[in-house]
Amino acid sequence: GAVVSQHPSRVICKSGTSVKIECRSLDFQATTMFWYRQFPKQSLMLMATSNEGSKATYEQGVEKDKFLINHASLTLSTLTVTSAHPEDSSFYICSAHAGPNEQYFGPGTRLTVT
Amino acid sequence: QKEVEQDPGPLSVPEGAIVSLNCTYSNSAFQYFMWYRQYSRKGPELLMYTYSSGNKEDGRFTAQVDKSSKYISLFIRDSQPSDSATYLCATLNQAGTALIFGKGTTLSVSS
Chain A
1 GAVVSQHPSR VICKSGTSVK IECRSLDFQA TTMFWYRQFP KQSLMLMATS NEGSKATYEQ
61 GVEKDKFLIN HASLTLSTLT VTSAHPEDSS FYICSAHAGP NEQYFGPGTR LTVT
Chain B
1 QKEVEQDPGP LSVPEGAIVS LNCTYSNSAF QYFMWYRQYS RKGPELLMYT YSSGNKEDGR
61 FTAQVDKSSK YISLFIRDSQ PSDSATYLCA TLNQAGTALI FGKGTTLSVS S
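In the order they appear, the protein sequences are chains A and B. Just so you know, the first sequence maps onto residues 1 to 114 in this note's numbering. Just so you know, the second sequence maps onto residues 1 to 111 in this note's numbering.
Extracted from the complex, chain B is given alone in its bound form (with noise of 0.2 Å):
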């Protein structure tokens, strides 16, 4: 079982919806998760990062960690076309040295 894991999609919806995205994870001493959003062929950009269990908001974005299940959230509320991109959930490793990325969730947000 890899440590992240996250469905690639891809996922389109008109512009307005609201967006869920999810990842799992398998070790349960990770305590600090990220959402990252990558352009086309640029590099990722930190969105939010969340540590433990709870919720986090930040303006149309909110990040939540389920830590009972394993299980990462991040919503998107009004979206964009400009949200339209690749998300990537990430954990950081117990020694918390580096980050281990889900496959990433292609969206595709339609006017």
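Isolated chain A, as found in the complex (with noise of 0.2 Å):
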């Protein structure tokens, strides 16, 4: 299946400060990634959908001024999570839309705000 790959894995940050994550496609293009959070024991939570070239679209109850997210080309997503507190800690997790029916996650970024 297709790779898609995740930076940082793990990250500990101060609170008030910013974390950005990356979310890269490795060996296809994709128009479309999604962002998701996975807090212990409980399912992954759709956070936004990101279009390369154009805005994201958030679910409800994310705020868009706090996880900003730029596609800016066909094999890079970033998700950015401003002025951190200890309540963003989570499992942050990207897939990218391969194909029809066809969506690779990645490896999942360990969010730890002290």
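Careful, some of the hints might be misleading.
Restricting the straight-line Cα-Cα distance to at most 27 Å, the calculated cross-link-like pairs of lysine-lysine (DSSO-like) are [stated by the list, open to error]:
1. A:K41 <-> B:K70
2. A:K14 <-> A:K41
3. A:K64 <-> B:K42
Quick caveat, the hints were computed from the structure, so don't treat them as lab data.
Put the two chains together into one complex, using the hints given.
Take a look at the structure:
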């Protein structure tokens, strides 16, 4: 299957700082990428849909000014958590749309805000 | 009612057992159903997907969809310790743009 990478795999930051997470499709182009958040023992919750060259679509309850998404190319989407708080600590996972009914997930980024 | 319901378990079985994992969904318009496997601290990987009702088999795995009862199942035959993971069912939303996940069932296969 197609490969999606995420960087960094783990990050610890102080409260009030910003953190950028990158999601790359390595062997295919993805016009659409998705960002999910997963709390311990919970399911993946879709945060936003990222479309190359246009603004991201955010799910209800997700603050677009706090979670900035940039999909600058067909292989790269970034999620920036601004002014991070301890409650933002979570596992962030991206996925890339590779074709009809094909979504491939990245390995995830564990964010810890102290 | 959540759109996709899944019992989180945990489920513990001995090696070689047949495992049955199940989900229910609420929207009869959903057509595509997926099963993902997620190892600890990793992203989910797609195991199988099915369209509408019916069965699909791949090696030791069988996915089953019953649209009349809005019930989806994943069967694992001859389970192995390496099958120990969290299994997430998912469906594609009506717009076909995003996945809706169940909570995931944690499976542990002991040798």
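Tested hints:
Under the criterion of a C-alpha separation no larger than 27 Å, the hint pairing A:K41 with B:K70 is consistent with the structure, at around 24 Å. A C-alpha spacing of about 24 Å is found between A:K14 and A:K41, which places the hinted pair at or below 27 Å, so the restraint holds. For the given pair, A:K64 sits about 26 Å from B:K42 by alpha-carbon distance, which is consistent with the 27 Å threshold.
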